[in-house]
Amino acid sequence: GQSLEQPSEVTAVEGAIVQINCTYQTSGFYGLSWYQQHDGGAPTFLSYNALDGLEETGRFSSFLSRSDSYGYLLLQELQMKDSASYFCAVRDGTGNTPLVFGKGTRLSVIA
Amino acid sequence: DVKVTQSSRYLVKRTGEKVFLECVQDMDHENMFWYRQDPGLGLRLIYFSYDVKMKEKGDIPEGYSVSREKKERFSLILESASTNQTSMYLCASSSSETQYFGPGTRLLVL
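First to last, the protein sequences are chains A and B.
Read in order, the letters of the first sequence correspond to residues 3 to 113 in the numbering used here.
Read in order, the letters of the second sequence correspond to residues 51 to 160 in the numbering used here.
Derived from the structure by calculation, the hints contain no laboratory data.
None of these values were measured; they are calculated from a predicted model.
Just to be clear, a hint being listed does not mean it is correct.
[Unchecked claim] Okay, derived cross-link-like pairs now, DSSO-like style, lysine-lysine, Cα gap no bigger than 30 angstroms in a straight line:
{"no.": "1", "chain 1": "A", "residue 1": "83", "chain 2": "A", "residue 2": "105"}
{"no.": "2", "chain 1": "A", "residue 1": "105", "chain 2": "B", "residue 2": "53"}
{"no.": "3", "chain 1": "B", "residue 1": "53", "chain 2": "A", "residue 2": "83"}
{"no.": "4", "chain 1": "B", "residue 1": "105", "chain 2": "A", "residue 2": "83"}
[Claimed, not checked] Short derived list, chain B residues pointing at chain A, Cβ under 8 angstroms:
{"no.": "5", "residue": "83"}
{"no.": "6", "residue": "92"}
{"no.": "7", "residue": "93"}
{"no.": "8", "residue": "108"}
{"no.": "9", "residue": "110"}
{"no.": "10", "residue": "113"}
{"no.": "11", "residue": "127"}
{"no.": "12", "residue": "140"}
{"no.": "13", "residue": "148"}
{"no.": "14", "residue": "154"}
Beta carbons are placed, not taken as given, at the ideal position from N, Cα and C, and that holds for glycine.
One chain only, chain B, in its complex shape:
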């Protein structure tokens, strides 16, 4: 079974803090993605990566950065967390048409 894991299920941070969200997949997938999910807005792509050290901006990259130093790991970084970044963050990986999602991290920024 494909497994995508995320470092935390729930996270509470203060405005201005630097936040790291980690994602690891165990299926040697080339492609990895970070989405945020908000009620009524569906899944919005923040960043994606199709190879180690490669990254591409998605639809809403502002306020975020990413790091992919190893094939299995894709990190999302909030340089200075703001309250409007309170959301559910979902990581996914794929090597074909199917995307496999992690369980999500629900981030609350106070």
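One chain only, chain A, in its complex shape:
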């Protein structure tokens, strides 16, 4: 089967850096994605890693190590508006195989 593990909650201070980890077990692997969801809102796409290494998009970066079945989302210069749930998701097949989502990490940014 497939499983993804990520912390259920993380709290960090405004202006700081926070890392949200995700480990996965899948029969195949075709990329790790991250989604953000604010309370009452829809999940929105943040990043996608198909290959090992770090992808940077502004204050957000995402890292993947396929050999360790591990990735993380790094948020820098935290702002109050970053308080949200963050989901990692993997695709374990090609073509039309749907994403499998983790249970999400609730990030609370405090002053």
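The hints should help you fit chain B onto chain A, whose structure is shown.
Positioned in the frame of chain A, the structure of chain B alone reads:
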């Protein structure tokens, strides 16, 4: 901008009623998905479709059915609503690695 719309934001139904949740996307995406989201359980896939009139079961299809008569529209049907189907229902579409979600329908079954 990709737009995925869902027919209702909030819905209240009674046990045993037949419920239709509609989802429309405007980006000509092949793939469409229905998830339910419950606290502590994340997003769970109910059904998905990769083409008109095609459907595939997800992880929790019991008690649900779907219809995809047109490429842009994917409907979720609760044949006989039960209280354990009270949840947030999210529709999504994609043509590549990125999934675009609708705003969700919060369904309460009494």
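Now the hints, each set against the structure:
1. A threshold of 30 angstroms between alpha carbons decides the hint, and for residue 83/A with residue 105/A the separation of about 21 angstroms falls inside it, so the pair holds.
2. A distance of roughly 25 angstroms separates the Cα atoms of residue 105/A and residue 53/B; the hinted pair therefore holds under the 30 angstroms criterion.
3. Our distance criterion of 30 angstroms between C-alpha atoms is met by residue 53/B and residue 83/A, whose separation comes to about 23 angstroms.
4. Pair hint residue 105/B plus residue 83/A does not hold up; C-alpha atoms about 37 angstroms apart against a cutoff of 30 angstroms.
5. A distance limit of 8 angstroms between C-beta atoms decides the matter here; for residue 83/B the minimum to chain A is near 6 angstroms, and the interface restraint holds.
6. With its C-beta approaching chain A no nearer than about 4 angstroms, residue 92/B sits inside the 8 angstroms limit, and its interface hint holds.
7. A distance limit of 8 angstroms between C-beta atoms decides the matter here; for residue 93/B the minimum to chain A is near 4 angstroms, and the interface restraint holds.
8. A cut of 8 angstroms between beta carbons decides the hint on residue 108/B: the least distance to chain A is about 7 angstroms, and the hint holds.
9. A least Cβ separation of about 13 angstroms between residue 110/B and chain A goes past the 8 angstroms threshold, and the interface hint is therefore violated.
10. With its C-beta approaching chain A no nearer than about 19 angstroms, residue 113/B sits outside the 8 angstroms limit, and its interface hint is violated.
11. At a threshold of 8 angstroms, the smallest CB-CB gap from residue 127/B to chain A is about 19 angstroms, leaving the interface hint violated.
12. About 7 angstroms separates the beta-carbon of residue 140/B from the nearest beta-carbon of chain A, less than 8 angstroms, and the hint is met.
13. The closest approach between the C-beta of residue 148/B and any C-beta of chain A is roughly 5 angstroms, which is under the 8 angstroms cut-off, so the hint is satisfied.
14. The interface hint given for residue 154/B is met, as the beta carbon of that residue sits about 6 angstroms from the closest beta carbon of chain A, less than 8 angstroms.
Of the numbered hints stated above, those contradicted by the structure are hints 4, 9, 10 and 11, listed in ascending order.
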